[in-house]
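Keeping their order, the protein sequence lines are chains S and C. Heads up: the first sequence begins at 1 in this note's numbering, then just goes up one per residue. Heads up: the second sequence begins at 1001 in this note's numbering, then just goes up one per residue.
Heads up, some of the hints might be wrong.
Unchecked claim - Label-pair restraints from in silico Cβ distances:
id	chain 1	residue 1	chain 2	residue 2	range
1	C	1154	S	57	41 to 51 Å
2	C	1179	S	150	22 to 32 Å
3	C	1052	S	173	19 to 29 Å
4	S	150	C	1027	57 to 67 Å
5	S	136	C	1021	39 to 49 Å
6	S	20	C	1121	26 to 36 Å
7	S	138	C	1176	21 to 31 Å
8	S	132	C	1052	38 to 48 Å
9	S	173	C	1176	29 to 39 Å
10	S	141	C	1121	14 to 24 Å
None of these hints come from the bench; they were simulated from the model. Since this is a predicted model, take the numbers as computed values, not measurements. Yeah, the Cβ is synthetic: ideal placement off N, Cα and C, and Gly gets one too.
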Amino acid sequence: MTAESMLVPGVEALRAAFGGAVLRQTVSCGDSIVTVDRDRAHEVLAWLKETPGQEFDYLTDITAVDYRDPERALEVVYQLRSLGRRVDLRIKVPLDKSQPLEVDSVWDLWKGADWLEREVYDLFGVVFKGHPDLRRILMWETYAEGHPLRKDFPLRGNFSRAEQTRQALAANPEAHYSMEELSIADAFDELPDDMKRRLAQGERGEIR
Amino acid sequence: MGLTLPPAESGEVAAVSPNWVTTRLDALVNWGRANSLWPMPFGTACCAIEFMATAAGRFDISRFGMERMSFSPRQADVLICAGRLPFKLAPIIRRVWDQMPQPKWAISMGACASTGGIFDTYAMVQGIDTIIPVDVYVPGCPPRPEGLMYGIMLLQKKIKGESIADPTLRQEFLVDERGFFAPPEKVDEISEPFGNSVHQTRSA
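Work out the full structure: start from the sequences and follow the hints.
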């Protein structure tokens, strides 16, 4: 049994549909891995999600790899699963070092990509074009030292310990929350009129 | 802040000079305080598991009058930082500490809270004594409940040596106008790499 024949069924159809956009296909440790051109990655992922016979309806994870390589910059990795077909597929998208680290967001395909792409943006600095709310998610939003999981990021950070401590003590803990996470009191002015009236009267409804 | 009174500064008279009444009162007040410490558990990692074991039946922290966990800092006496402290939590533990009323003490539980431990990284505070004043450090990774109880008993011993005649004991150490609790050169000095970390360069 050759490695090619262990590929997930459907990869050949992918190559037939996109031809030159599929750069490589391999099997590693039983996992099918397809490397896809950056400019057509979103098209390929949409095709994989929506084509009958592919139906990769579940996005398990998005991550990135920094190879510390002068040729390759970063690789964005999408781990897909088809819940109905019970197969997994890994899509890798290499980014070019001469161009800005950008790739199209897949938030419009899988809503769960929202926080996954924010994490990759936070820790690797990859910009996902079309993402609705691309903010840092693990590091605080005023974090100014860079993107920690890049290989050129020093382990202890770019600033001195004293400067890191000063910035941490100056932080406002409430600033970590987004508008949606703040209390309803702050959004009072934007509520509909009848709801404002009921809140103003203190009406809480009857418990039956 | 030790077991003995600090020498009075020249030219200044202590607010209350020690005499028979104050020392008897000290003994009574300190006995009460030392045996009814209400802990503010600030558990962030595996040390918190050992802290829970200390609080549970086998080791039974209530023997020290500490079974009343105070999850509001406003009713707490002793802050127990059990676990590593990332920079993202630094302003929060500082605010919790500032909200605690005097008299208050702090226990730094475990290697990470005391020194940063194995986490000599961009994300981790290298010892909570760069953020808040600490009374007792408990070593261990994590310390066993016996270790934490020994730290608690050391704190009780320290409390029993305090005196109302010492005006420095209830001093608040606030973050200064430069944004530091400890001087920046001291923060850099105590955050120096140690152990295997010495071989890692900042540019690696």
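Checklist entry - Per the hint of 41 to 51 Å, is the separation of the Cβ atoms of residue 1154(C) and residue 57(S) within bounds? => result violated (59 Å)
Item to check | Range agreement (Cβ of residue 1121(C) with Cβ of residue 20(S), hint 26 to 36 Å) | outcome: violated (42 Å)
Checklist entry - Taking 21 to 31 Å as the hint, is the beta-carbon distance of residue 138(S) and residue 1176(C) inside that range? => result Check passed, 30 Å falls within 21 to 31 Å.
Checklist entry - So the hint says 38 to 48 Å: do the beta-carbon atoms of residue 132(S) and residue 1052(C) match that? => result holds (40 Å)
Next on the checklist: I want to verify a distance hint. Is the separation of the beta carbons of residue 141(S) and residue 1121(C) within 14 to 24 Å?
Outcome noted: holds (20 Å)
Checklist entry - residue 1052(C) and residue 173(S), beta-carbon distance inside 19 to 29 Å? => result Check passed, 25 Å falls within 19 to 29 Å.
Checklist entry - For the pair residue 150(S) and residue 1027(C), does the Cβ-Cβ distance stay inside 57 to 67 Å? => result The hint (57 to 67 Å, Cβ to Cβ) holds, given that residue 150(S) and residue 1027(C) are roughly 60 Å apart.
Next on the checklist: Given the hint of 29 to 39 Å, is the C-beta distance from residue 173(S) to residue 1176(C) inside that range or not?
Outcome noted: Given range 29 to 39 Å: violated, Cβ gap about 19 Å.
Checklist entry - Is the distance from the Cβ of residue 1179(C) to the Cβ of residue 150(S) consistent with 22 to 32 Å? => result holds (28 Å)
Checklist entry - Would you say the C-beta atoms of residue 136(S) and residue 1021(C) sit inside 39 to 49 Å of each other? => result violated (59 Å)
The structure does not agree with the numbered hints 1, 5, 6, 9 stated previously, though it agrees with the rest.
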